[in-house]
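Heads up: the protein sequence lines correspond to chains E, U and P, in order. Just so you know, we're using our numbering here: the first sequence kicks off at 17 and counts up by one. Just so you know, we're using our numbering here: the second sequence kicks off at 36 and counts up by one. Just so you know, we're using our numbering here: the third sequence kicks off at 13 and counts up by one.
It is worth saying that the hints were derived from the structure and are not from the lab. Since we're looking at a predicted model, the values are computed, not measured. There's no promise every hint is true.
What the hints assert, rightly or not - Here are the simulated lysine to any residue pairs, SDA-like style, with alpha carbons at most 25 angstroms apart:
id, chain 1, residue 1, chain 2, residue 2
1, U, K229, E, A171
2, U, K229, E, P145
3, U, K227, E, Q248
4, U, K213, E, F86
5, U, K227, E, G160
6, U, K213, U, R194
7, U, K229, E, T152
8, U, K263, E, T78
9, U, K134, E, L275
10, U, K229, E, T138
11, U, K90, P, F76
Said to hold, decoys possible - Stretch-level coverage of chain P by chain E, calculated; a stretch enters the list once three of its residues show a Cβ under 8 angstroms from a Cβ in chain E:
id, region
12, 76–84
13, 122–130
14, 179–192
15, 201–215
Claimed, not checked - Some chain U residues judged to face chain E by a derived CB distance under 10 angstroms, without partners named:
id, residue
16, G133
17, D273
18, T417
All C-beta atoms, glycine included, are put in the ideal place defined by N, C-alpha and C.
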Amino acid sequence: MNLRQRLVPYWLLGPGLLWLVVFFVVPMYFMGELALRSGSLTTGYTFSWEWANFPDSLSGHTEQILRSFFYAGAATVLALLIAYPLAYAIAFRAGRFRLLLLFAVIAPFFTTYLIRTLAWKTILSDSSPLVGVLQTLQLVPEDGRVLATSGAVIAGLTYNFLPFMILPLYANLERLDLRLIEAAKDLYSSSRQAFLRVTLPLTMPGIIAGVLLTFIPAFGDYINAQLLGGTQQAMVGNVIQSLYLNQRDYPEAAALSFLMMALILVVVSLYIRFAGTGAFMGDEDEARG
Amino acid sequence: MRPEAPNRKSGLGLAAAVIALVLALGLAACGGDTVGGGGSSEDATTAKGGPVEGKLAISNWPGYIDPGKGGTVAEFEGETGVDVDYIEDVNDNETFFGKLQPQLEQGDSGGRSIFVVTDWMAKQMWDLGYLQEIDHNDLPTVFQNLVPTLESPSFDPERQFSVPWQSGMTGIWVDTAKAPDIRSVNDLFDPKYKGQVTMLTEMRDSVPLVMKSEGVDPEEATNEDWLKAIDRVKAAADSGQIRRFTGNDYTEDLTAGNIVAAIGWSGDASIVENENAEWRMPTEGCVLWSDNMVIPVGAPNTPAALGWMEFSYEPEVAADLTEYITYVSPVDGVQDLLRKSDPQLAKDPLVFPTEEFQRNCSTQDSPPDVEPVNEAWQEVVTG
Amino acid sequence: MAAPARAWAWLRRNALPLYAGLAVAYMLIPIVVIAVFSFGATPKGKLTFGLDHGFTTEYWTSAFSLPELNDALLTSIQLAALSTAIATVLGTLLALALVRHRFHGRRAANLLIVIPMATPEGVIGAALLSMFIYSSVALGFSTLLIAHVMFSISFVVVVVRSRLIGFDRHLEEAAADLGATPLTTFRTVTLPLLAPGVVAAALLAFALSIDDFVISNFNSGTTVTFPLYVYGASLRGVPVQVNALATMLFVASVIGIVLVLWQQRRAERMATRLDPVPAT
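Excised from the complex, chain E in its bound form (with noise of 0.2 angstroms):
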């Protein structure tokens, strides 16, 4: 290979990466840097390796922080389980129909998000219809109500991000060759073991991938704690966007910022670990390093 055709590849990948490089990491330096000063609006933020920052925003937020992880977590939770035997239906029972209920599932995709969840705030609204049924179903006690509660906010997060979990597991499940879950039953296993031993460690990748794309996501989000929530629902999200925005307490919110990113890479890292960056943007081939 001749120079110009060793330099094509750089050619090719210069462009994007310096894209990335300038607005992706050199951002989250600045970030860096912003957590590390201090001061306020009157006063200039000025730089002078406040370290404190990062203990500061944690246990200031300690709350905050822990119950988007219980959120972000129940919402993917509830999102598997709703999606997988979704997914499974159109890969494998859809027939003609299955482009077109991909469609559906993507189609809320196409309404913007903040309508979707405004619809949703005022579908259970006290007095809507859907929460009368619920409380006759006793699901939700008689003078309680569904909207600013926590359940609403978890409700909110799984329904926006349930088209992230549903597409990688189709297109994982799609893959699977039918024939070796034939053969586990040719050899007497029973259809629930068949799943078990089969079907899902088969699937493992694809769940894997839904899940970090849902979680992650989840985890940071503000709208629906705030749309859909009352005074009790705030999510780290909330504080670092108030922070920002309201208080104008830039090397806090910085700080927290850096930490949830922080906590977050810790879990992708262990997953990459696991299965290889290139199992995560779907390529089997490229998995197990």
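With chain E held as given, fit chains U and P onto it using these hints.
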């Protein structure tokens, strides 16, 4: 395919990157540089007068203008030929300020020539050097028609940088069909209404009302008084007594029937779609505030901005505005005009409050030491 | 078999499709609600999601009567179009490099592309804001564009990559055998065959941009995009026209996707008709 380059090289690359980062941080520290830090009002420029023409962009609160072809904006455009871009993006003083602050810091007003913000925010912007001074000689109509009570407010005694747009009162909105007995802010803490009341996110509206309900005068209150009231609100929020903290959207909750009472603003009748809901003056009194037109630094068309201010202070124009938005007008003579065209409105105490009606009310004020109080409040409000 | 037993058996056989139907219905509920309530009359023109005031089409006929709303929508569409164009180009080039070429730092490149997808929007938005604050850059359309391109690139790479991986290289080799230069091959063979993947990636980037709220909220300054407008409006009463427009957007996207899919199907059918010999 050739095997990938050995891990050692990637490791070296990573190490190099980390070292570079640390060096860069170190340089920044050595510089000891400070970012931000606002200016001061001492070097404020004066807004230039001149012929009224061109384009004018105004940022205002929602529900603060009479819209359409017969509305104030259209009339102004017709009379002066100015092309007005009327933007309703002020939903909350803090949030509006937060979004604009980086630009104002650079002397850039985001294309706007007028903001409409509440008293204390106007002062905050002025103190940081983000506003231009206003020459009274450019505004004869304004200062001729300005009601005497607003001529010399505590936050801007000489009206150097602000011209009132509208005034209003913060009190309690009540759904009279479901909770007819609510007449005081204390009633909002009644467990009977648990989870069915909301308060405003605006600290200078909610907390003074709570203080008043405990017998504390907000104008004389100490930081401890503020913090004590905030604690009381926090306890109510934690226990679920308060359902939410809202901006203008308490009107939605009222309409949807999610709440029976809310701390809210007197003129919002045009947004609330619930026939049973009405604004009530709390027994301990309300909070009085004004929203003011200010001219920011870097305003592209100050003559047109001044022209708009002049125009809005003509009694006929002000009367049309009041008829639609039902807030308290700062322009003298509006009530007389309305006595002929809309006598019902001319008698409405919410639009033309008498001194008697407002006898217990306090003007909006800030705590003596804002930062710790604001921090405590933000924690309660964010959850 | 007795009737209940038969019904039970039928249920068990069709449990999965039934469930799928229910799940899909659940996903579409808000869309239906939005569409239905865009026809509800309200005395003050603000959305109340209640039909007690009657049915009306006035919000559809006056859908474009709010200048602020129109401006916001226009801004969003412009932003999405531009950012899609840039991100698709950059991302496709990246994907080609990753799949077709060998080079040092492949792992690092992979990581750099994957990490933005794994970062919460709030963090990305805040970090960008930090940089803009520090470098005293004015927030507005350009900062929004920068942000939108940034978060779209990764998704474009993923989509185009998966298309490239399943690519049949024999056609390119055949073109080379027939004397075509690499550039010509790329232009006349690779690119057209890659097109569906690129189009899909572009659609995804467009959807992501037009729907983005969090990152835009941090970096827009005073520029208003459609989601930002809705957010501001939600704090004071959403005009019903928003619902009409949202439904319109939705229907337009549906039509767009259907057209693309139909076009694809036609192309495939024509290809098999022209080439009756099955590929080996």
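Hint check:
1. This hinted pair checks out: K229/U and A171/E have alpha carbons roughly 23 angstroms apart, not beyond 25 angstroms.
2. Between K229/U and P145/E the alpha-carbon distance is near 22 angstroms, which keeps this suggested pair within the 25 angstroms criterion.
3. At roughly 20 angstroms between alpha-carbon atoms, K227/U and Q248/E fall within 25 angstroms of each other, so this suggested pair holds.
4. For the given pair, K213/U sits about 36 angstroms from F86/E by alpha-carbon distance, which is inconsistent with the 25 angstroms threshold.
5. For the suggested pair K227/U and G160/E, the alpha carbons sit about 13 angstroms apart, so the restraint of at most 25 angstroms is met.
6. With a C-alpha separation of about 44 angstroms, the suggested pair K213/U and R194/U falls outside the 25 angstroms cut-off, and the hint is violated.
7. For the given pair, K229/U sits about 22 angstroms from T152/E by alpha-carbon distance, which is consistent with the 25 angstroms threshold.
8. Between K263/U and T78/E the CA atoms are separated by roughly 24 angstroms; this keeps the pair inside 25 angstroms, and the hint holds.
9. The suggested pairing of K134/U with L275/E holds, with an alpha-carbon distance near 24 angstroms, which does not exceed 25 angstroms.
10. A hinted pair counts as satisfied when its Cα atoms are at most 25 angstroms apart, and K229/U with T138/E qualifies at roughly 21 angstroms.
11. Taken as a hint, the K90/U and F76/P pair is honoured in the structure, with Cα atoms around 22 angstroms apart against an allowance of 25 angstroms.
12. Coverage of a stretch by a chain is defined here by at least three residues with a beta carbon nearer than 8 angstroms to that chain's beta carbons; for the region 76–84 of chain P and chain E the count is 0, and the condition is violated.
13. Using a Cβ-Cβ cut-off of 8 angstroms, 9 residues of the region 122–130 of chain P lie near chain E, which meets the minimum of three, so the contact claim holds.
14. Restraint check on the region 179–192 of chain P versus chain E: 0 residues with Cβ-Cβ distances below 8 angstroms, three needed, restraint violated.
15. With 0 residues having a Cβ less than 8 angstroms from any Cβ of chain E, the region 201–215 of chain P misses the three-residue criterion, and the hint is violated.
16. The interface hint given for G133/U holds, since its Cβ lies 4 angstroms from the closest Cβ of chain E, which is under the 10 angstroms cut-off.
17. About 7 angstroms separates the beta-carbon of D273/U from the nearest beta-carbon of chain E, less than 10 angstroms, and the hint is met.
18. Given the 10 angstroms rule on beta carbons, the hint for T417/U holds: about 4 angstroms separates it from the nearest Cβ of chain E.
Hint compliance for this structure: hints 4, 6, 12, 14, 15 are broken, all remaining hints hold.
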